[in-house]
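Taken in sequence, the protein lines are chains A and B.
Sequential numbering of the first sequence, starting at 1, is according to full-length UniProt numbering.
Sequential numbering of the second sequence, starting at 1, is according to full-length UniProt numbering.
Hints were generated in silico from the structure; no laboratory data involved.
Hints should not be assumed to be uniformly reliable.
Claimed, not checked - Under the rule of at most 27 Å between Cα atoms (straight-line distance), these lysine-lysine pairs were calculated in the BS3-like manner: (1) Lys64/B to Lys416/A; (2) Lys76/A to Lys219/A; (3) Lys422/A to Lys64/B; (4) Lys171/B to Lys253/A; (5) Lys171/B to Lys404/A; (6) Lys64/B to Lys222/A; (7) Lys219/A to Lys64/B; (8) Lys310/A to Lys64/B; (9) Lys64/B to Lys76/A; (10) Lys78/A to Lys64/B; (11) Lys206/B to Lys416/A; (12) Lys139/A to Lys64/B.
If you want the building blocks of each chain, they are given just below.
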Amino acid sequence: MALTRRTLLGGFAAVAGGALVGCSSGMDTGTTKKNAATELTMWCWPGGLGKSVLDDTVAHFPDPKIKYSEVGGDFKQKLVTTFNGGTSIPDITGLKGEDIASLLPQAERFVDLKTVGADSVLGDYLDWKVKQATTLDGKVIGLPIDVGPTALYYREDVFAAAGLPSDPAKVAEQLKTWDDFFAAGVQLKKANPKAPMVWDATDLYDMVVGQGTERYISKDNKFVGDQDHIRKAWDTSVKAMTLQIDGRTPSGKPDWNAGLDLGTIPAHIGAAWVALDIKSAVKKSAGKWRLAPTPGGPANFGGSFLAITKNAADPQKAFDVIKYMLSPDNEAKAFADAQIFPATPAAYDKPQLKAADSFFGGQVPIDIFGPAAKAIPVAYQSPFDDAVAAPFHDELKTVQTGAKTSDAAWSAAVSKAKAIAKRQGVQ
Amino acid sequence: MSATAAVRTRAVAGAPTRRRIWSYWRFYLALSPFYVLFAVFGLYPMLSTIVLAFQRWDGLSARKFTGLDNFAFLVRDPTFWQALENTVVLFLMSTVPTLVIALLLAVMLQSAVRFTSVYRIAYFIPNVTSLVAMAIFFSSIFSTNFGLVNAALRSLGIPQQDWLGQPWGIKIAISTMIVWQWVGYNTLIYLAGLQAIPKEQYEAAKVDGAGPVRTLFSITLPQLRPVVLFTVIMSTIGGLQTFTEPQVMVGNSGGTGQSGMTVVLFFYRAAFLDNDYGYAAAIALSIFLLVLLFTAINWRVFRGRGEDR
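Start from the sequences, fold in the hints, and give me the full structure.
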């Protein structure tokens with residue numbers, strides 16, 4: 001074809017027109033294409049699903065063939081962008097626990113699992129976890145993959161050297177509340193000034209908030225971040241600072257990694273998946289770690305879901321796939337694969353979870369995490385929860401460095417949080 | 001090419017007409033790849049950012065027009081002012097040392113005799129290493145208990161500092177990293193500028209009995225002025241967009257007292273953590289205005305009054 005001005009301009013016009021159509025179709029959720037029925041596409045992040053479970057599921061459903069894509073980087077961002085683009089939306093997608101609250105208002109983009117027969121299996125999953133994926137009007141948009149119940153990880157040798165109880169049963173008995181935990185911290189500091197009991201008081205704050213049944217915004221969309229339950233968490237964190245048992249070492253940083261091994265961070269409170277972080281950070285202290293229940297009761301951090309999008313060609317088939325994939329048997333397998341902690345209590349009795357762990361000196365982790373997972377309090381999490389929580393974290397850090405008094409920082413945090421909440425339409 | 005010859009004569013002779021403009025289509029075609037790419041990946045996002053700044057959008061729901069609400073919130077948001085202050089302070093703390101060190105290195109390299117290429121390569125390496133990897137590396141260097149900086153302080157008998165836990169410590173750590181990364185790049189640019197200065201001027205200065213300091217201030221610096229202007233503007237644009245260093249070193253919150261919270265980090269937090277895209281767009285526009293303002297200031301300061309180069 002000879003390249004003339006006319007064909008060239010025509011070509012540009014076609015490209016530009018196509019681009020505009022492509023952009024505008026994404027703006028409107030009603031016009032996005034249904035996926036083709038010849039393939040079942042599934043998205044999850046690296047390590048989100050156990051490998052053997054995934055391979056087994058793909059083999060188990062030959063028609064239509066499951067096409068799995070591992071999506072790295074900022075998963076939610078990529079999913080949102082794809083939704084806006086309006087094409088190539090997966091039939092089945094993973095949703096992270098920290099993103100689910102902000103996706104609930106988008107429930108119309110997902111299949112309500114109750115319409116495809118989820119009622120028969122929802123009882124198998126931890127009730128509070130299913131509630132996280134349930135909208136206020138009762139739609140369930142995701143089936144739980146895993147949960148993140150917390151426990152107290154501690155160094156048996158450091159505790160014993162300081163005259164503290166070191167046996168998990170005795171620790172559980174003596175360190176029931178935060179006050180007990182702090183008292184033990186004061187004793188530990190006297191015996192071993194280099195070992196602060198609390199790794200970082202501002203990290204601890206989130207744990208205490210997570211133990212409550214309310215967060216920053218209530219179900220009827222009112223700001224409650226200035227009330228007693230948050231103030232209690234705040235004061236608990238500040239108490240660790242004033243008792244000078246705060247190590248100021250946020251988890252995941254080089255100092256934290258080194259401190260775990262050297263015994264200068266003798267304890268950490270974290271979700272079940274933190275075990276992997278500790279195991280990969282330490283070299284010398286394997287076998288010296290133990291697990292005890294979280295002082296003041298368990299909380300949950302992380303834990304994700306599988307959801308079916310409205311673009312799925314065959315929602316029923318897609319549901320069969322996730323139902324199979326997330327059965328108690330397969331959740332137990334995924335735990336053996338990649339420490340993905342099951343959301344189905346029935347899995348806790350399976351041999352994969354009953355195994356003793358030599359890293360924890362032969363302790364059986366499920367004995368601690370199992371009861372914790374069942375006892376996690378249900379708190380409503382608003383889509384704006386994270387944005388409203390940010391000023392509390394920021395201001396707590398100023399107390400930690402001594403730049404502000406606790407009261408001054410508290411009122412600054414509350415007024416900043418209120419402004420953010422108001423902007424988001426919270427009363 | 002008789003066609004182009006005809007075009008040229010007509011262009012000189014004829015008045016600007018529609019016909020005349022279209023007759024250049026081959027040239028426009030040759031230039032078009034840049035403009036097409038710019039329109040798709042530059043202009044369209046820019047225009048949509050401006051539109052978005054007047055809307056509320058959580059990334060998925062329908063957009064809602066809210067007028068100047070985002071900007072009204074922005075000017076009253078203490079975090080924004082804090083981020084703005086941090087950004088300017090970090091910019092000054094990193095750009096001034098960077099350019100001074102780069103200039104000194106360039107003058108030294110100019111007079112050095114051996115292994116000049118080795119130095120040039122060595123200086124440039126920081127600029128091409130992965131920023132994220134380096135930020136992780138620097139955060140271990142500055143870490144409290146096991147960091148290299150504190151180990152050095154301890155060996156000198158100075159008490160160790162909580163670098164990444166103190167407002168000023170965070171700023172020092174971040175600006176050190178920026179200096180380290182950009183010194184080599186600017187050195188090479190200055191070196192190129194130095195080599196363009198005629199040797200005769202230096203010889204004449206020598207004959208007149210000028211010492212090295214006098215030569216630096218009377219010949220080297222004035223001759224380098226356009227190069228300095230270029231590096232200052234590039235550093236301004238880069239410095240006001242500081243993001244990766246604080247994000248990796250102190251996290252999305254900006255660290256203690258939000259002292260590592262730069263405007264771009266604030267923008268990132270609003271858009272991708274709080275899903276408040278309209279507000280993020282308003283912040284992005286403020287960054288644009290800030291860069292514009294600083295570039296204008298630089299231009300006036302370094303270009304000199306009425307002088308043309």
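Here is how each hint holds up against the structure:
{"no.": "1", "hint": "Lys64/B to Lys416/A", "verdict": "holds, 24 Å"}
{"no.": "2", "hint": "Lys76/A to Lys219/A", "verdict": "holds, 24 Å"}
{"no.": "3", "hint": "Lys422/A to Lys64/B", "verdict": "holds, 16 Å"}
{"no.": "4", "hint": "Lys171/B to Lys253/A", "verdict": "holds, 18 Å"}
{"no.": "5", "hint": "Lys171/B to Lys404/A", "verdict": "holds, 19 Å"}
{"no.": "6", "hint": "Lys64/B to Lys222/A", "verdict": "holds, 22 Å"}
{"no.": "7", "hint": "Lys219/A to Lys64/B", "verdict": "holds, 24 Å"}
{"no.": "8", "hint": "Lys310/A to Lys64/B", "verdict": "holds, 24 Å"}
{"no.": "9", "hint": "Lys64/B to Lys76/A", "verdict": "holds, 22 Å"}
{"no.": "10", "hint": "Lys78/A to Lys64/B", "verdict": "holds, 22 Å"}
{"no.": "11", "hint": "Lys206/B to Lys416/A", "verdict": "violated, 64 Å"}
{"no.": "12", "hint": "Lys139/A to Lys64/B", "verdict": "holds, 25 Å"}
Hint 11 from the list above is the single one not met by this structure.
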